[in-house]
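As given, the protein sequences belong to chains Z and L, one line each in that order. Sequential numbering of the first sequence, starting at 1, is according to the working numbering. Sequential numbering of the second sequence, starting at 1, is according to the working numbering.
By construction, these hints were calculated from the structure, which means they are not laboratory data. Among the hints, a few may not be true.
Said to hold, decoys possible - Cut-off 20 Å, straight-line C-alpha distance, at most; resulting in silico cross-link-like pairs (EDC-like, lysine to aspartate or glutamate):
hint: 1; chain 1: L; residue 1: Lys50; chain 2: Z; residue 2: Asp399
hint: 2; chain 1: Z; residue 1: Lys405; chain 2: L; residue 2: Glu45
hint: 3; chain 1: Z; residue 1: Lys276; chain 2: Z; residue 2: Glu387
hint: 4; chain 1: Z; residue 1: Lys276; chain 2: Z; residue 2: Glu515
hint: 5; chain 1: Z; residue 1: Lys280; chain 2: L; residue 2: Asp89
hint: 6; chain 1: L; residue 1: Lys50; chain 2: Z; residue 2: Glu505
hint: 7; chain 1: Z; residue 1: Lys92; chain 2: L; residue 2: Glu304
hint: 8; chain 1: Z; residue 1: Lys280; chain 2: L; residue 2: Asp42
hint: 9; chain 1: Z; residue 1: Lys402; chain 2: L; residue 2: Glu45
hint: 10; chain 1: L; residue 1: Lys50; chain 2: Z; residue 2: Glu384
hint: 11; chain 1: Z; residue 1: Lys92; chain 2: L; residue 2: Asp89
hint: 12; chain 1: Z; residue 1: Lys92; chain 2: L; residue 2: Asp42
hint: 13; chain 1: Z; residue 1: Lys405; chain 2: L; residue 2: Glu48
hint: 14; chain 1: L; residue 1: Lys135; chain 2: L; residue 2: Asp89
hint: 15; chain 1: L; residue 1: Lys70; chain 2: Z; residue 2: Glu398
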Amino acid sequence: MLLGIDVGGTFTDAVIIENGRVLCKAKRHTTHGNVTDGLLAALDGVLENSGAADKLKRAAISTTLVTNAVATGRLPEVKIFAVPGPGFDCRKAFPAPPVIVEGYTDHRGQNVRHAKLPSAAGDFLPGVPAVVSAKFSVRNPESELALEKELKAHGAGKVVTGHSMSGLLGFIRRTNSAYYTAATLDLCGGFFALVREGLKRRAINAPLYVLKADGGTMPENLAARYTAETYFTGPAASVMGIKALVNPGRRAVSLDIGGTTTDIAFWENSRPLFGKRGAKINGYPTAVRALHLSSVPVGGDSCLTRTESGIAIGPRRMGPAMALGGPAPTLTDAFLLLRLDDFGDAEKARAAMHSLARPGETPEAVADEVMRTAADKIVAVIMEMIEEYALEPVYRVEDVVKARKFAPELVIGVGGAAKGLVPEIAGRLGLPFDIPADALVANAVGAAAARPTILGVLRVDTALGSCILPQAAQGMKIDRNFSVREGERLLTEWLRREAERSGVEFHGAETVWREEFPVIRDGWRSGSIINIAMQLTPGVFFTAKGVGGQ
Amino acid sequence: MTAPLGLVFFPAVDWMISETHPERQERLIYTYDQIVEEGLLDLAEIREYKPRVAARRDIERTHIVVPDLKDIVTDAHLVSAGGTLTAADAVMKREVKRAFALVRPPGHHAMRVAHGIRGFCTVNIEAIMIDYLRKTYNAGRIAVVDTDVHHGDGTQEIFYHDPDTLFISFHQDGHTLYPGSGFMEEAGSPYAFGANINLPLLPETGDRGVHLLFDELIRPILDDFQPDILINSAGQDNHYTDMLASMQVTAQGYARLADKLKADIAVLEGGYSIEAALPYVNTGIVLAMAGLDYSHVIEPDQRELRAEGNHTTARVAQLIRDGRALWSARGKLKAEKIAKAGSSWTRKKPIYYDTDGIREMQTETAFYCPKCPGYLTIDSSAWGSYFGEQSAFIAVVWAASCPDCGKKAYDAVLRAKKQGGHNYFFVQDKTKDLLERI
């Protein structure tokens, strides 16, 4: 049995899954002052029906904690020590002004000038979390490691290094990831302790996992170190829920139509598509790997206003639907009147639509217009996403010449307002649709079902005789004949060890990409450069069979 | 929103001429690393574009490929040429203020008639872009400043008869470097006299000399010509570490030049110091074109950089004097040349394709007309091509040619065909935007 918890802005959901089926589910209000209360309420909701506390193999949680902390701007002070060397002036690229440290490592990882901390750097350090980030530290982390040591000697609080965030190129992205990690270490540490405490109070001793932005999970001990990865996990949770509930084998568009937004994802070969570079946090690009998602401010609670040209939907939310006692007409009121939804006071819904009617217009006609407008908005964003995806740069001739547009064959809907809107949207696109049962708790299902993911990157330069696994700050000498195959074996081994170290069951690794370039010097092949990225095979523990669908 | 810079970045990491050739997969991977590590593609000032695939028509608007396009032009060439068109569209549609097509394979040694690869170039991606700009946006006056260390002989050849395309190339003196041409006497055919300006520099010229030449000669000429569109053929092999040439320009030198030039569109050409130069020079040019601070872009290793000597400065001073004289007298000289030429002007050209080992002999005749720019015929024979010996007779009808000249051009080709002696016959008819096989 698996437990999934989604602590959202409005609701805290919990589900228990057994043999690929949602055994029980509970939806409770999130308690903002003390999250544990809402969490316990939701746990009680599922436990009283199943009595399964000791049969749970895993508890996984998806949370907006980091998202909210960033949004409210309540982050502690973090000192950034950056080693940019020559190049772009990065002083304004980070959420906090950096201390620039002299030194340089070049693009092949050769330490040209050793980094040296300015003498005054230690003055303001004691207890303050620090970030150390150097350009090309993923090719050679030496300078970051040296500075980390120096800062600790000066009494710095926790030190987060750029190379530990990601093995991929992107100095500014790694620095920003490290910044948001350093800034939320204490917050997340405290929160996970609270959750663990709550679970314990309900006699749940299963290991705790936390959802990541890439739709995978990580065990609590890793989550407490890589906190920035838990940013933006709400949509990722729903995407993994869709994976568990529908597992679309065809190219598909999935829509999670919630209270205030609709999150759109694309699917191919039973997998969600990824964004090319990484998530932005508060406008700052980071190395946090994330799904290719768009968010439209259209949801069941989006309030409606009459304008000269038609009806405006959202982006504000004033409260629940009028049919449920809210103050202003919403999308849900329109669905209720059109009998696309069935809970709430139909008369109040009619009144809500009437309040938007032009002279002589029936409330039903208004509801119809609302629905068409909402569908238009979402379809427009889907089309934009298809265009954007086609325009994503690629760097190989073959990828340009053989490029095909993403052409979905199915629309999947989850979330509270899916039933109302998805048939209309699918109709516009001329596609069939699927709204699985349990679509209302897709996020919690996603959290319960998502497998752990770890991405590892290996850089091999046989001309220099070097091989490095930047995240592990692990380098080794290799010979000229080192091959891609050997690299993959090395990386698989590392992933296996990482998994074991953090208590994750290793169930195989897959190559995300690999490239090899011959290095030619003076007319001779002096070696090759090999870049490989591999990950624990992502996915879900189960896919629902015979559950949901229509 | 109009971004300051559109960047069409296409390193073609799966294309090479041959494994050890300078034009191999490895060429732009260090540049790619630097650009991605610097985070340039994430900046709000820079909008990245995916190159499109150029159509056959786009290539044949400029080139006559013998025997046919598909015989020597690969997908990689269609993408790099397409990349320049993407850059041109982004600027002309005002999506971006300027654009940089950081693409390969390069093109500035490719001439109008192409039998194979010369100087690593198969099709001339800038020329294709210029012809596209004229066709699609009705562009009037275009200036090209070629900052590659090699003379841009292909671009020169293609626009040699066009008074509205000003081609300025500074490069290492042809006595000491491929392709051996690019002297000031090559100033354009009579009707376009003065629209082709070559500035051969002595080896070891560096930032100081190049900037002096730019400030004192190139800038004033550009100000006088007032182009509607300014293009930079942005080769990077004047760099002090380039192993194919002997100049002393630095990344700062190139970035400052890009900053002063303020080209509407830049197109990468050569540059084969793939580790020590390209990552820094490209970062510098990208930042400068995006209006960002580039002052920190300095090569970590400047050991090979030497001070400029007096002899290089003396050559620069000489070029400034001669260039000014040519530019100010060009109207008078042009009239004299036209008067002397009469109704036609012919040049015979041996063309060597170093990359492919092909030898071509061309007789090019520009026919003049009182009503229009006339037309052009080309008699081309090549030895050592993929198909052995091959020859073509070609006529070019200019976009502004009158119907009479159009007819004469077709007649010339038909006449040649009747006479025999050539394998292939073409009319490149710019009034119809078509390359016809006869």
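Inset, instruction - Starting from the hint list further up, note which numbers the structure goes against and sort them upward. - result: 2, 5, 6, 7, 9, 11
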